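Colleague: Put together the whole structure using the sequences plus the hints.
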Amino acid sequence: MATQELDISHLTTESQKVIGLIRQGYSFLLSGGAGSGKTYSLVEILKAVLVENPTTSIACITYTNAAVDEIEERVQHEHLHVSTIHDFLWSNIKHFQCELKSTLIELINDDEQPKIKSPDGEKVTNNYFDDLDGDIKYKEFVRIKDGCISHDEVIILACKMYEKYEKLCTITKDSYPFILVDEYQDTDPNVVKLLLENLNQSPKRNIVGFFGDAMQSIYEGSVGNLNGNTQPKRIAALKKEQNKQGTYFSVINNLKEYTLLTPTVIEVKKVQNRRNPQLVIDLANKIRTDGLMQEPSEDINAPNMNADGTAKQGSALFLYSNNDDLGAVRHHLAWDFDSSIETKELNLTHNLIAGKAGFGDLMRIYDKDKILESIKRVKGYIKKNDIKIDTESRTFKHVYEELGGLQDGTPKPLAPTKGQKEYIDANPDVYELALAQPYDEISKLYIDKDMLVDDKKNTADDLSKPSSNRDDLIKHLFKIEHCIYLYKEKRFNEFSRITDFSITSVADKKNLKKSMEELIKVENRSIDEVIALANQLNLVVEDDKLERFKVSRNYVYQQVCQIPYQQFRGLYQYLEGYTPLSTQHKTKGAEYTNVLVVLDNGQWNSYNFKNLFEGGGKESVRQRTEKYFMCVAHGLKKTLLFFSINLVQM
Numbered sequence: 001m002a003t004q005e006l007d008i009s010h011l012t013t014e015s016q017k018v019i020g021l022i023r024q025g026y027s028f029l030l031s032g033g034a035g036s037g038k039t040y041s042l043v044e045i046l047k048a049v050l051v052e053n054p055t056t057s058i059a060c061i062t063y064t065n066a067a068v069d070e071i072e073e074r075v076q077h078e079h080l081h082v083s084t085i086h087d088f089l090w091s092n093i094k095h096f097q098c099e100l101k102s103t104l105i106e107l108i109n110d111d112e113q114p115k116i117k118s119p120d121g122e123k124v125t126n127n128y129f130d131d132l133d134g135d136i137k138y139k140e141f142v143r144i145k146d147g148c149i150s151h152d153e154v155i156i157l158a159c160k161m162y163e164k165y166e167k168l169c170t171i172t173k174d175s176y177p178f179i180l181v182d183e184y185q186d187t188d189p190n191v192v193k194l195l196l197e198n199l200n201q202s203p204k205r206n207i208v209g210f211f212g213d214a215m216q217s218i219y220e221g222s223v224g225n226l227n228g229n230t231q232p233k234r235i236a237a238l239k240k241e242q243n244k245q246g247t248y249f250s251v252i253n254n255l256k257e258y259t260l261l262t263p264t265v266i267e268v269k270k271v272q273n274r275r276n277p278q279l280v281i282d283l284a285n286k287i288r289t290d291g292l293m294q295e296p297s298e299d300i301n302a303p304n305m306n307a308d309g310t311a312k313q314g315s316a317l318f319l320y321s322n323n324d325d326l327g328a329v330r331h332h333l334a335w336d337f338d339s340s341i342e343t344k345e346l347n348l349t350h351n352l353i354a355g356k357a358g359f360g361d362l363m364r365i366y367d368k369d370k371i372l373e374s375i376k377r378v379k380g381y382i383k384k385n386d387i388k389i390d391t392e393s394r395t396f397k398h399v400y401e402e403l404g405g406l407q408d409g410t411p412k413p414l415a416p417t418k419g420q421k422e423y424i425d426a427n428p429d430v431y432e433l434a435l436a437q438p439y440d441e442i443s444k445l446y447i448d449k450d451m452l453v454d455d456k457k458n459t460a461d462d463l464s465k466p467s468s469n470r471d472d473l474i475k476h477l478f479k480i481e482h483c484i485y486l487y488k489e490k491r492f493n494e495f496s497r498i499t500d501f502s503i504t505s506v507a508d509k510k511n512l513k514k515s516m517e518e519l520i521k522v523e524n525r526s527i528d529e530v531i532a533l534a535n536q537l538n539l540v541v542e543d544d545k546l547e548r549f550k551v552s553r554n555y556v557y558q559q560v561c562q563i564p565y566q567q568f569r570g571l572y573q574y575l576e577g578y579t580p581l582s583t584q585h586k587t588k589g590a591e592y593t594n595v596l597v598v599l600d601n602g603q604w605n606s607y608n609f610k611n612l613f614e615g616g617g618k619e620s621v622r623q624r625t626e627k628y629f630m631c632v633a634h635g636l637k638k639t640l641l642f643f644s645i646n647l648v649q650m
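In UniProt numbering, the protein residues as written are 1 to 650.
Treat the hints with care, since some could be wrong.
The calculated lysine-lysine pairs, modelled on DSS-like cross-linking and capped at a C-alpha distance of 27 Å, are [stated by the list, open to error]:
#: 1; residue 1: K421; residue 2: K376
#: 2; residue 1: K379; residue 2: K449
#: 3; residue 1: K139; residue 2: K509
Rather than coming from a laboratory, the hints here were simulated on the basis of the structure. In this text, all values refer to a predicted model and were calculated from it rather than measured experimentally.
Modeller: What follows is the structure, encoded as structure tokens:
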């Protein structure tokens, strides 16, 4: 494939191995823990491939525009196309409007696909877009009837189109013989399937390269690792070749789903760690379960190395107490806890932080609602006793009263528990709201705190993750507040990309200034008033997603909208990294001199630190706990201290 072979002896060992694989036509995975220099290797490999293939286009996929800018600053070439995954997919499908519209209609009518629906939720005819003025467009908001789709829809739509149309696969392979994916472990599984399976419907050759660390896969819904088997004959041939060259390749034994359709993917491991001190590396190696054992860097100029070539030792300590007095712990450590750059205190729960950051009412709605628990009791009572009752078009109050609730002598299994009753008594208005909701809607309603606080940044400079579990109401509010933030910071190019306000004249600019000044001064308004104002001013319009949310999740919407907007500002500042507060599981990629991790199992179902140290528990929970543990350990440059509260004496 290469037009000229570059002398690669000056490259790092791992980059040399990857270039060797590329020359043989193999796709690859470069895996390495945090601090191993994966981004440095990515840049090395990009430069080498561009020299050897100067007229061939390379697609490099990242997850944020900031990451795109970083790579483009380090590698500049007319045939290098760096973009986010969404922009990459959209650039490949947007010109096929006929197929795009047909596929979009198919998805709207697919009962098994809940994400893309018509505004009224009904199925549509094949001529649904015939009267559309223009093409299907990729926007920051979704309005299906107007042909506007957003981030979430792009991936679903693109994956379906690549599954259906071989010609699209051929065109993409012709356009990009090389596709490199950074931080692959956080990629949507459907995108990995697209790259490793759907593209290979076309007989054209291409190489897909992945960069990342399976042990840092901490986002729900991401691919995690590349599970499956490899092709024995091709592996045998590779081993024969490696013996000739004296190089050592480790074969991924986990590509089962793609065995019949894809070329073999070969793993190259980066074992050197340039960031962590020796004791933290040792601790992380005891926890890793993927076979990748790190060692200190051989480069004496690396941050974790001494001038004499030995590794800095650092500290990894465990402190146990029956007392949850964190003040005493902080006093004992004598660290500068006012510095959000040098020192970080990490907790397992957002609840302790919500009050301090000023969004306690929002956290109550998303994480402490016991009214929904009581409704689940009613639903369980009906099912357990096989009660035949008509719930269609009836409120929860009507159904509950027919069962004997809301009166003296309510059957005990039907009545709220003590804790639920206390919550109801403390929030009578919320209970009245619940009683007025359609039973069939509220009995199925699910609320989780990740719908509120997912994608927490540690500092304002951190990158957002590629996707978020925040619900559509919180995403809409974030768009409003982010518009305000960007405008106040005079970051007008970024502002213009996310606002729905159209600027085509000097008069528009004057109107924008007036509108933004009005939107900024909303401290004393409710969330509902701010949503309406942003829509009225055409700064952030109420789209299909928000309209559906108002109907399907009315119980949540009505509660949130009554809260002062200032509380949401507190949430925004916390999640965007403008406060020193953080949680254990939002530290991926961060670096700190000192880290205090507060271990408390709390009410978490997905993580269990007690079982991590003692053994036992569900395998899936243990694996997630290991990965969160790894993300914390790998960001540490000097001292790592775990404080255990009533957990286990370590």
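Colleague: Each hint needs a verdict: does it hold in this structure or not?
Modeller: A quick look at each hint next to the structure:
Annotation: proposed proximity of K421 to K376 holds, straight-line Cα distance about 14 Å (limit 27 Å). This hinted pair checks out: K379 and K449 have alpha carbons roughly 22 Å apart, not beyond 27 Å. With a CA separation close to 21 Å, the supplied pair K139 and K509 stays within the 27 Å bound.
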